[in-house]
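Undergrad: Chain by chain, the residues:
There are 2 protein chains.
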Amino acid sequence: MDRVVKLEQIEHFDFITDVAVCGYGGAGASAALEARRAGSEVMIFERFSSGGGSTALSACEMYLGGNGGTKLQQELGFEDSTENFYNYLMACFGKYADEARVRKFVDGAAEHFDWAEGLGVPYKRGFYPGRDVVAMTGDSLQYTGNERAYPFNQQAQAIPRGHLPADADHDGGKVLMGHLMRNVVESGADIKYDARVLSLIQDENKRICGLLVKIDNKVQAVYARQGVILAMGGFIMNESMTKQHIPQLESICTRHGNPGDRGDGILMGIAAGGNAIHMGQAFVGIAHYPPSDLTYGIFVNEQGQRFINEDIYLARLGDYAARQTNQKAYMFIDNKYYSRPDYHETTEIIAVGETVEELERESGLPEGSLQHTVAYYNQHAEQGVDPLFHKSADWLAPLVTPPFALVDYSLATLKPTCFTLGGLDTLPTGEVLTAEREVIEGLYAAGRTASGIPRTGEGYASGMSVADATFFGRQAGISASQTSRNEPPV
Amino acid sequence: MDRVVKLEQIEHFDFITDVAVCGYGGAGASAALEARRAGSEVMIFERFSSGGGSTALSACEMYLGGNGGTKLQQELGFEDSTENFYNYLMACFGKYADEARVRKFVDGAAEHFDWAEGLGVPYKRGFYPGRDVVAMTGDSLQYTGNERAYPFNQQAQAIPRGHLPADADHDGGKVLMGHLMRNVVESGADIKYDARVLSLIQDENKRICGLLVKIDNKVQAVYARQGVILAMGGFIMNESMTKQHIPQLESICTRHGNPGDRGDGILMGIAAGGNAIHMGQAFVGIAHYPPSDLTYGIFVNEQGQRFINEDIYLARLGDYAARQTNQKAYMFIDNKYYSRPDYHETTEIIAVGETVEELERESGLPEGSLQHTVAYYNQHAEQGVDPLFHKSADWLAPLVTPPFALVDYSLATLKPTCFTLGGLDTLPTGEVLTAEREVIEGLYAAGRTASGIPRTGEGYASGMSVADATFFGRQAGISASQTSRNEPPV
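In the order they appear, the protein sequences are chains A and B.
To convert, note that position 124 of the first sequence is 124 in my numbering; the numbers rise steadily by one, no gaps.
To convert, note that position 354 of the second sequence is 354 in my numbering; the numbers rise steadily by one, no gaps.
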């Protein structure tokens, strides 16, 4: 089945609506809700028997701030200017950042929190100051990324921006998607489950005006007067695509997402003339905390050299570990700060010893390399400084309490959690762009089907995916509902 | 103008041929010649007023071997088994390698040398043993890549594979393309210059059956009975594409190629349903030699740590330098081995001193870091070993002769030579593939319009591009000429 078919090939339309949304995860549901609220007829086509997508599988942190702070940030005493938020995101993604997209996001992110709360998602007025992937205290605000770490703490004031549904721990996705989907149902959107979208329909002017979808094993044609929104996730579950685009991770990664993350939306968008960008970029998660005390440890490569400030976010560690020769990374830590990591039960202690020299010999690291690295680190940690990588003084302490351990965090043995960050190039409105950045009429994309705010593992922070998917899902729904209605050929 | 137009839209064909070749560089000329030799009518469409493409701008080394060695390798006493050649290329590109493509190449590369010599390209039976980008002795065989460096010297026997036209120095491209284009003319191919290909023509079965080309400012339609070959170069000269796909290099690179490297072939291929892969990969050249004595120096990052064995190929250095924080890299060298580099006149000496400690202070490197790195390196170089990066003993010598210098090779100041390695996914036959790796009938790609043998800067070696472009250009020409002829609608 071609991914794009011509309008003239369609003899009969089984359904006619204003906005057709493909995928009922965070991006699709947000798009559908906004399009309905703006007065458009909306149909949603979801491949599986229930909605939620990868958003429902996440803790559903949303990375939000700006405008002086979200209601939650402000009530908890944190001020976060739009410029400060902008500076942080630009520091995260550097030359990869889409400035127009980042600007749109920082301008609207505070209101986006009100929108989520308005859906009924409970947020507890509590700030969790600790260092954890997901606050397990029930509190709704926490630091989730590199805010407090070098070099980010030099480029923007550190502010917590992770907004987590109350008392949900890792199950925030069920909470947020539950409320979001209830609102979608109440809005009157027509939701078709077990409906696999196969193709887009293109009119004689190359405008996307509908889609073909398989329901009850029958291919049915849908005409969309205002447009089609692709919100079908990324491609981490498509092994042929991961082989093509992230071969260096394909065989070692633990694929993180839902079974529908097969790249269908991206491939249909390309077939319609869309441009896929950053297809080689991925999130590589090495959760070296909690417990946060493990942050006192130091990471070394197979040369026994440090390569990062250990107080960074887990995906930045993953990105840097992947750059080391043979993707090898080891944590050196002493008995005072060591404990079993909460995540990655696969980590193995490859050497234990009363002295660093003993550890070095046992692990086969180059003679003298680890000894120098530890001595140099300890000498400066004693003074509260890290001249090499500028790890925050909060996490600097000499590692001097034997026994010492070397723990293997090498990618091949750890099998880090990965998901893809590449997707269709879009405007902040969600409109899909060609390679010349010309708009493809009638076609929108959001969520991981698009290349969003988070574009590199190096700059990623927890909460960016859900915030991007829901925020820009909304923009796509609003944009589509504002376009003039076309009518199907009679 | 759409990049793909439907056959039914074409009222009249200005030209009818068997094989239409887009681009008259190394890949296009090789494709055209083979198609003609196989008995097909051939038309070539070249955007500029003369042929040659980027191949003519290169020294025209070809990276060849296998089958016991090329005639040149064997006559100079080098044996190179097909497996040894295969093992080397697989070591170079690892998980990025296309095994079927590599296999086809190593099986045919020795014959490819005979083909080139048969065109009239002179190769001098002389081996240049030195370490240089291009042998300036007139000799035709040299080492050009990482063959003698770790870890490659562990995975394959080091053999010189750079085949250089005789006595041409950096002008080998003019020599090879001169002979190749003479053969193309003699073969009776019809060459149209100042002919810019705009679109592919697709028949009702999605087969590519022709193209639209602008000649004398008039759009003309060409029907190709057997197929169309895209050999239009890479995209390093297309600023919007480099911004999209290699943003980390876009602003700092010195763009290396010909003005036609605008990605037109890649974009037309995508429009026809082709799949572009590795679009984020690029060659980043930091020529830290010649003079070869500079190889005795060591590179450190902004932490004052070494990060690579300095006896590697220049693009591997570029790739590793790009991974360091802030893309900073500095060469430390002593007075015994220092001299002005032949390339990169922009390199600046940022510190000179009688002691390493003085140098460290002057350059602002972390206190003690460079001193340790140099002391550790010297101590082991004295014994002829490099425990950290396994630099070959040939290039290990203690750096102890003051004054010492620190030379800036940071990417932003050096502005390294870059070109793109991403392109259309193809079979070894040159047939362009969809995302599901299904063949697009009638469409072929070669040269940097395709993703070829060299897929990462990390594993690149001089001569791989020209060898890949001409070898797989030939395969595309042969494949196209073997397909059954379709006839234009009357």
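Some hints could be false.
It does not matter which identical chain is used: a pair holds within one copy or between any two.
[Claimed, not checked] Computed list of lysine-lysine pairs in BS3-like fashion (alpha-carbon distance at most 25 Å, straight line):
#	residue 1	residue 2
1	Lys206	Lys95
2	Lys214	Lys192
3	Lys214	Lys95
4	Lys218	Lys71
5	Lys206	Lys6
6	Lys174	Lys104
7	Lys328	Lys206
8	Lys336	Lys192
9	Lys104	Lys243
10	Lys328	Lys104
11	Lys243	Lys218
12	Lys415	Lys95
13	Lys174	Lys206
14	Lys174	Lys6
15	Lys104	Lys336
16	Lys95	Lys328
17	Lys336	Lys206
18	Lys174	Lys218
19	Lys206	Lys124
It should be emphasised that the hints constitute simulated quantities derived from the structure, not laboratory data.
Undergrad: A separate judgement is required for each hint: does it hold in the structure or not?
TA: Hints and how they fare:
1. Proximity of Lys206 to Lys95 under the C-alpha cut-off of 25 Å is found in neither arrangement, the shortest distances being 32 Å within a copy and 38 Å between copies.
2. Proximity of Lys214 to Lys192 under the C-alpha cut-off of 25 Å is restricted to the intra-copy arrangement: shortest distance 10 Å within a copy versus 48 Å between copies.
3. Proximity of Lys214 and Lys95 under a CA criterion of 25 Å is satisfied in neither setting, with 41 Å inside one chain copy and 36 Å between copies.
4. Taking the closest pair of Cα atoms, Lys218 and Lys71 never come within 25 Å of each other, the shortest separation being 48 Å inside a single copy and 62 Å across copies.
5. Taking CA atoms no more than 25 Å apart as the test, Lys206 paired with Lys6 passes in both settings, with 9 Å inside one copy and 13 Å between copies.
6. Taking identical chains as interchangeable, the C-alpha atoms of Lys174 and Lys104 are never at most 25 Å apart, the minima being 27 Å within one chain and 51 Å between chains.
7. Neither within a single protomer nor between protomers do Lys328 and Lys206 lie at most 25 Å apart by alpha-carbon distance, with minima of 49 Å and 47 Å respectively.
8. In this assembly of identical chains, the alpha carbons of Lys336 and Lys192 never lie at most 25 Å apart, being 56 Å within a copy and 76 Å across copies at closest.
9. In this assembly of identical chains, the alpha carbons of Lys104 and Lys243 lie at most 25 Å apart only when taken from different copies (20 Å versus 34 Å within one copy).
10. Proximity of Lys328 and Lys104 under a CA criterion of 25 Å is satisfied in neither setting, with 39 Å inside one chain copy and 33 Å between copies.
11. With identical chains, the CA atoms of Lys243 and Lys218 are never at most 25 Å apart, being 32 Å at best within one copy and 43 Å at best between copies.
12. When the C-alpha separation of Lys415 and Lys95 is checked against a cutoff of 25 Å, the pair qualifies only between copies, where the shortest distance is 16 Å, while the shortest distance within a copy is 28 Å.
13. Proximity of Lys174 and Lys206 under a CA criterion of 25 Å is satisfied in neither setting, with 38 Å inside one chain copy and 44 Å between copies.
14. Taking the closest pair of Cα atoms, Lys174 and Lys6 never come within 25 Å of each other, the shortest separation being 39 Å inside a single copy and 48 Å across copies.
15. Proximity of Lys104 and Lys336 under a CA criterion of 25 Å is satisfied in neither setting, with 46 Å inside one chain copy and 57 Å between copies.
16. When the C-alpha separation of Lys95 and Lys328 is checked against a cutoff of 25 Å, the pair qualifies only between copies, where the shortest distance is 16 Å, while the shortest distance within a copy is 27 Å.
17. Proximity of Lys336 and Lys206 under a CA criterion of 25 Å is satisfied in neither setting, with 65 Å inside one chain copy and 67 Å between copies.
18. Taking the closest pair of Cα atoms, Lys174 and Lys218 never come within 25 Å of each other, the shortest separation being 31 Å inside a single copy and 60 Å across copies.
19. Taking identical chains as interchangeable, the C-alpha atoms of Lys206 and Lys124 are never at most 25 Å apart, the minima being 48 Å within one chain and 57 Å between chains.
Comparing the model with each earlier hint shows violations of hints 1, 3, 4, 6, 7, 8, 10, 11, 13, 14, 15, 17, 18, 19; every other hint is respected.
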